[in-house]
Structures are given as C-alpha cells and as structure tokens.
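**Student:** Here are the chains, one letter per residue:
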Amino acid sequence: MEKLIKYIKILDRWVIGVILELIYPLITFSAAAFLCFFLYLFIKR
Amino acid sequence: MIPYFSREDVGPILHYLGKIIQGIGALMFIPFFIGVLNGEWEPSMDFVLVSLFSIALGSVLLFIFREEKDLNWRQGMSVVTLCWIVVMLLGALPLYLSGHYLSYLDASFEAMSALATTGLVLVNDVDHMSYACNFWRHFMCFIGGQGIILVALTLFVRGGSAFKVYVGEAREERIMPNIIQTARFIWLVSLTYLVIGTAILFAINFWRGVSAGRALFHAICLFMAGWDTAGFAPQSQNVLYYHSYLIDLATAMFFLLGAVNFGVHYAVWTGKPRELLKNYELKLYMASILITFFIVCIGFKAPLPFPNFISFFRESFYQLISAHTGVGYSNIDTHNFSYWPPLAILGLIIAMGLGGSSTSTSGGIKILRIGILLKSIKKEVKIFTSPGATVVVERFHHIREITIEDNHIKMAAIITLLYIALYLAGGMIGAFYGYPFLPALFESVSASANVGLSMGITSPFMPAGLKLTYIIQMWMGRLEFFSIFVFFSFLLSLKSSE
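Which chain is which? The protein sequence lines are A and B, in order. First residue of the first sequence? That's 3 in the numbering used here, and the numbers climb one at a time after it. First residue of the second sequence? That's 10 in the numbering used here, and the numbers climb one at a time after it.
I should point out that these hints are in silico values taken from the structure, not numbers from a laboratory. Treat the hints loosely; a few may be bogus.
[As the list claims (entries may be wrong)] With a straight-line Cα cutoff of 25 Å, these simulated PhoX-like cross-link-like pairs (lysine-lysine) come out:
#, chain 1, residue 1, chain 2, residue 2
1, A, Lys11, B, Lys384
2, B, Lys387, B, Lys310
3, B, Lys384, B, Lys310
4, B, Lys292, B, Lys310
5, B, Lys281, B, Lys387
6, A, Lys5, B, Lys28
7, B, Lys310, A, Lys46
8, B, Lys310, B, Lys391
9, B, Lys287, B, Lys387
10, B, Lys310, B, Lys419
11, A, Lys8, B, Lys292
12, B, Lys391, B, Lys287
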C-alpha cells in the first residue's frame, strides 16, 4: 500500500509537471501575439 | 607532455563502434515490421538485408576487438565522431534502395539531416514513399535527436566510459548524479511526451476525417520529428499539407518544449515547478524569441503580403519559432520566402543561429552560452565602474545558483565563435557556387544550427560539393566541434607516429 501511495505521488508530480510545462509555450505564444498585433497596426498605419 | 594517440587506442574505439552498429541494425527491425504490417514486401526486405549486414559488421568488429576496456576521453570522443558517420552511411542504405533518391550521396545527406535533426530534404516524391521507409526517416530523427550515444548508453555502454561518450555528443550537463540514470530520465521525458503528443495529433487528424491508421502514422511521425526538432514531415508540403490551425498549435507547443533543457523538465517533474519562473536560460529564451520576432515583423512594410492579422501572425511566428527552436517545420511554401523582405529573413537567420536551450534536442549556439556572454559583459562593465579593490561576482539561476567563472566564459566564447565561423564558411561556399549571399547564408545557418528551413537552395539538383558541405556542417553543428577536433587529432597523430 505504501509503495502504491509513493507511485501515485510520483505520477501526480509528473502530471502537474506536464501541465505546468504546457503553460510556458502558451505564455510565449500569447506574448508574441500581442507584440505582433501592435506591430501589425503600426505597419498598416 | 601532450598525450598522443597510438594504435592501442584503435581497439577500444572499434569495439564500442561495433556495439553501436549492432544496435542500429537491431533498430531497423522496427521499420521492417511496419512494412510487413502494411504489406510492403520490397521495402521490408531492404530493411532486413541492411539490418543483417549491420549486425554482421558489428559482430565482426566485436570479434576482432573483443576486449572491453573503459574508454579514456580521447577514445570516447572518437567513438562519438565516428559513430555518427557510420550510422549515417548505414541509415542511408535502405533510403537509397527505396529508389526515392538520385544518388547514395543524396540518401546520406537525408540520413545525416535526420540524425542531426536538421530537416533539410533531398527526397523525391515523398508523398508516394512506403510507410516503412517514411517511418525510418522520422525514426532516425528520434534516434539522432535523443542522441545515438544516449540510445547506446541506455542499452549497453557502462562504467567509466559512459560520461566520456555522453559529453562527446554535445551534452555536458548531468541531470542526475549517474549518467545512465540521466540517459534513462531523458528517455522517460521523451517517451511520456511521445504518448501525449501522438495522442493529441492523432485526435486532431482523426477528427478532421483522416483514417485511424493514417492518422496514427502521421501523428507518430510528426511528433518524433517535432519533439526532436528535426522538422521532417510525412508529406512533401511539410506542415502546410494539413492546413490546420490545431496542427500548427500542437506541433509548435511540442517543439518549443523539446527545445527546453532536460534539467528543467527534471526539476519541474520532481516537484520544483518554480524552476520555470526562475531559470535564467528559459527567461532569456522567451526574450530572445520576442526580440527576433520583433525583427521579423518590422522587416515587413505596408502593403503587407498577408490578407489579415491572423495570417500575418500565423505565418511569421510559426517560421520564427520553428527557426529558433531548430525544428524547421514550415506552414508556408518554400517559394513564399521570396516575398519576405531581407530584414525579416535576417531575423530568421539570427533566430536559427542562436538556437534552443542547452541539453535539449535543438541545435545552434544555445541560449545559455549567449546568457553567459551577456553576464560576462555585465561583469566587465561593473569591474570598470567599481573602485579598484571591489570583487565583482555575477550569478545566475540554472537548476542551481551558478557563479560565472572564467572557464564558463571561455567555453561559451569559443563555441560561439566556432558556430559563427561555420555559418559564414557555408554561406561563402554557397556564394562560390553562384547563389546570392543572403539565401546561401540562410541555408548555411539552417544546416549548421540543425534547423531545416530552406529558401530553395537545398534540392536534389544542387552541386555535389554543396551537398557535402552541408553534411559536414550538420555533423559539426550537431556534435559542437570538439569531439570532431579530437578525432582529427587522432588521425594526424596516427600518421605522424608511423
């Protein structure tokens, strides 16, 4: 039982780790989209 | 006294080379089974023949040089340098036998491009290639991206030799105290994302109406080449073939994660999520992406060659992030680059040249080295502006707190200079063959930094000398020079000792 709990804890960390890591590209893409939008308006002007 | 290589070094080098050749032969059974499952008998036979030939060759080497000794540094570096050439030559054989390449040189180019995770292609009519052969192209990306040596470490290199061959493959960081455990952890991260990435890409393709088998094949291939920042795709139009926002988004997310240091993955996965916020290389990477994207965007002038903002962002940012991570996926046609202004092209060249994170699957100079050089500039400015006796210390957080020392700066500066020299040399050779300098430089940086974007120079009809130049650039860029230099010193010292 103790072993099972240990494995679940490790798995739990991995799942959280993967989800947190997916946030990094999303933040990068969002920042780039904002930058691009302002530059698009600037270039079109 | 400088230690010279002797003939006694040859035995251990060829012993380990024999093991790696046997391993590659064994891996060729995977495309063989894929061929059999799809009823592709001719390609399957090609794989069996080449596989048996490789296993026999490896066995002969192991029979002649049977004594297993721990490698020293010079021998370890030589094993790495040689094994990349030998695996390229063997990996090219089934490709050449497929009849999709004009010559064995073209097949070797494609094999090195896959192994070094570059993504430049010379294949003819890939849309009608057998599943077995097409899978092998992408599987080589996965083997090379993880590292041929990393594959070997997980399987059969043990003892004191492990770290010496690991470092020779341009990975100097130990994520865990034991190098075999480090190799296994890198596999664990990659295989976990392989399952997640393949499932997501399969779901998207299947939802868009692709048959289950074909959707799975495309998902595995796209993920393997994307995660390992190689940039091969099962269709000739690359990612443009799918015309899908979701595929663009999913591939971009996975190749950006593939270009993140495996040490960061380890920290986050072992309960240290703050590493994502604190890591100096990761912060600098995001800044670098935004700065180079700014250069690309301001390169364009009104009237823009895009119908709307979405199209502008999708096309320009996808190429930029593909260049910066070194993946080389493209959601536009190669000829579209002719509409791109020179400043935007320069932005892509800078992004390709800088590359991704250290100890990741991407190529180029690497962001950590740029960060160390920036910190050293800051340190020098502080020294100039401080009173005489002040001790100036510069630190940064990368997995742990690191104080910048002279040897960090020296190594970062040497590798950066070597990359710049390689980029320029390839550009000049391209110009020598009659291509305009900017596209020639673009192609040279793309090959050396193992990116794979092309402005159209790379084709089966380019001069053989240029194909050979790009093969050497891909090889040198992937191994980050030093193991190759050590190997050539080995050859020269053997000659001088005769």
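**Student:** Take the hints in turn and mark each one as holding or not.
**Tutor:** Hints and how they fare:
{"no.": "1", "hint": "Lys11(A) / Lys384(B)", "in the structure": "38 Å, violated"}
{"no.": "2", "hint": "Lys387(B) / Lys310(B)", "in the structure": "35 Å, violated"}
{"no.": "3", "hint": "Lys384(B) / Lys310(B)", "in the structure": "35 Å, violated"}
{"no.": "4", "hint": "Lys292(B) / Lys310(B)", "in the structure": "30 Å, violated"}
{"no.": "5", "hint": "Lys281(B) / Lys387(B)", "in the structure": "29 Å, violated"}
{"no.": "6", "hint": "Lys5(A) / Lys28(B)", "in the structure": "37 Å, violated"}
{"no.": "7", "hint": "Lys310(B) / Lys46(A)", "in the structure": "8 Å, holds"}
{"no.": "8", "hint": "Lys310(B) / Lys391(B)", "in the structure": "40 Å, violated"}
{"no.": "9", "hint": "Lys287(B) / Lys387(B)", "in the structure": "19 Å, holds"}
{"no.": "10", "hint": "Lys310(B) / Lys419(B)", "in the structure": "41 Å, violated"}
{"no.": "11", "hint": "Lys8(A) / Lys292(B)", "in the structure": "33 Å, violated"}
{"no.": "12", "hint": "Lys391(B) / Lys287(B)", "in the structure": "23 Å, holds"}
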